[in-house]
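Engineer: Sequence:
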Amino acid sequence: MLIWLLHRFGQVLEQLELHSSGDSRVFLTARTALASLTSFLIALVLGPLAIHWLKQRFRERVASDSARLNEIQVAKNATPTMGGLFILGAVLVSLLLWADLTSRCVQLGLFVALAFGALGAYDDWVKLSTRRNGLSVRGKLVVQLAISLVASLVLYADHRDRPHGLDLMWPLGDFSIWLGPGFVLWSVIVLVGSSNAVNLTDGLDGLAGGCMVFAGSAFVALTYLAGHKGMAEYLSIPYIAGAGELSIVLGATVGAVLGFLWFNCYPAQVFMGDTGSLPLGGLIGLAALVTRQEPLLLIVGGIFVIETLSVIAQVGWYRCLGTRLIACSPLHNHFLFRGQHEMKIVVRFWIGAALLAIAGVASLKIR
Numbered sequence: 024m025l026i027w028l029l030h031r032f033g034q035v036l037e038q039l040e041l042h043s044s045g046d047s048r049v050f051l052t053a054r055t056a057l058a059s060l061t062s063f064l065i066a067l068v069l070g071p072l073a074i075h076w077l078k079q080r081f082r083e084r085v086a087s088d089s090a091r092l093n094e095i096q097v098a099k100n101a102t103p104t105m106g107g108l109f110i111l112g113a114v115l116v117s118l119l120l121w122a123d124l125t126s127r128c129v130q131l132g133l134f135v136a137l138a139f140g141a142l143g144a145y146d147d148w149v150k151l152s153t154r155r156n157g158l159s160v161r162g163k164l165v166v167q168l169a170i171s172l173v174a175s176l177v178l179y180a181d182h183r184d185r186p187h188g189l190d191l192m193w194p195l196g197d198f199s200i201w202l203g204p205g206f207v208l209w210s211v212i213v214l215v216g217s218s219n220a221v222n223l224t225d226g227l228d229g230l231a232g233g234c235m236v237f238a239g240s241a242f243v244a245l246t247y248l249a250g251h252k253g254m255a256e257y258l259s260i261p262y263i264a265g266a267g268e269l270s271i272v273l274g275a276t277v278g279a280v281l282g283f284l285w286f287n288c289y290p291a292q293v294f295m296g297d298t299g300s301l302p303l304g305g306l307i308g309l310a311a312l313v314t315r316q317e318p319l320l321l322i323v324g325g326i327f328v329i330e331t332l333s334v335i336a337q338v339g340w341y342r343c344l345g346t347r348l349i350a351c352s353p354l355h356n357h358f359l360f361r362g363q364h365e366m367k368i369v370v371r372f373w374i375g376a377a378l379l380a381i382a383g384v385a386s387l388k389i390r
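For the working numbering, count along the sequence shown from 1 and bump the result up by 23.
It is worth saying that the hints were derived from the structure and are not from the lab.
All values reported here derive from a predicted model rather than from experimental measurement.
Wrong hints could be hidden among the right ones.
Said to hold, decoys possible - Using 27 Å as the maximum straight-line C-alpha spacing, the simulated DSS-like pairs for lysine-lysine come out as follows:
no.	residue 1	residue 2
1	Lys-99	Lys-252
2	Lys-388	Lys-367
3	Lys-163	Lys-99
4	Lys-99	Lys-367
5	Lys-78	Lys-163
Modelling step: build the complete structure from the supplied sequences, incorporating the hints.
Structural biologist: Here it is in structure tokens:
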């Protein structure tokens with residue numbers, strides 16, 4: 024809304040451009056900060072109303088495949104879930120106020136968030152309204168692939184004529200691989216993988232949300248830098264015109280998740296469910312693809328990666344040897360089984376997420 028109004032004032036805009044950042048014509052830095060603050064306040068103020076509404080309709084049912092895990096987490100039964108609805112609502116309102124809705128990056132961000140959010144909401148609804156444990160793995164994966172394919176094709180059309188637009192950049196040194204049309208397949212893998220990785224991490228109060236704040240903040244910086252020609256050249260990273268607008272999407276997301284964490288911290292008053300975890304993972308995957316920094320996603324989102332690898336390793340180990348590699352996967356459940364308090368596990372994972380986010384952004388200067 025604001026960007027629409029400002030674009031209507033030509034003479035004033037000429038003065039504003041003297042203070043703009045990167046390729047954005049109107050106060051990119053300020054709009055990113057305001058988007059984050061706006062979504063935080065919306066989530067914080069409307070959170071109690073949203074939780075009351077969710078409590079009447081959607082309550083968590085603890086029903087994992089592990090009887091011991093169900094016993095440990097029995098107190099979480101009947102906690103309102105699908106809190107991702109008010110995360111996405113806060114982000115959407117904030118973007119309507121501060122983002123340039125004509126930007127292809129903003130449009131892609133909205134598509135990924137809303138499409139993955141709708142899939143997650145349906146999965147949560149099936150889990151809560153039937154005796155099934157959500158959608159089948161195959162059915163859920165097919166929809167994720169379809170959403171990711173649409174986003175990847177649009178991104179490929181936008182990036183194919185850009186310098187380094189289809190290059191896979193190595194985080195250290197001046198090394199890259201041209202992906203060509205294979206960019207589409209690669210993008211699908213990144214989007215599906217990142218959305219599922221955050222989903223797997225969402226198992227303890229505040230765990231996925233806190234880690235997302237750090238990873239999301241890192242990608243706010245990365246998208247801002249990639250969209251600023253001078254900074255991109257200084258850091259020797261691909262300059263992606265328009266990428267700066269995606270920092271507003273990520274900023275609004277971080278703000279909304281911070282507001283959500285106010286109610287999701289231990290003991291949680293609400294869970295985000297797949298409604299929140301799938302779109303959050305999709306957004307950081309999209310940010311990595313837009314900025315051509317997918318390898319950095321492995322560092323910045325290192326906690327999500329470790330959680331995912333723990334599940335893969337556990338399944339592979341059990342199928343090969345018939346024994347369990349760790350007490351229970353994902354990794355946070357292993358520590359829970361070892362008797363550590365939930366809050367201690369969460370804070371330590373947050374510390375790891377913060378250090379990895381700092382390391383990821385700092386590695387840009389090593390090139």
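Engineer: What hints, given by number in increasing order, does this structure fail?
Structural biologist: 1, 2
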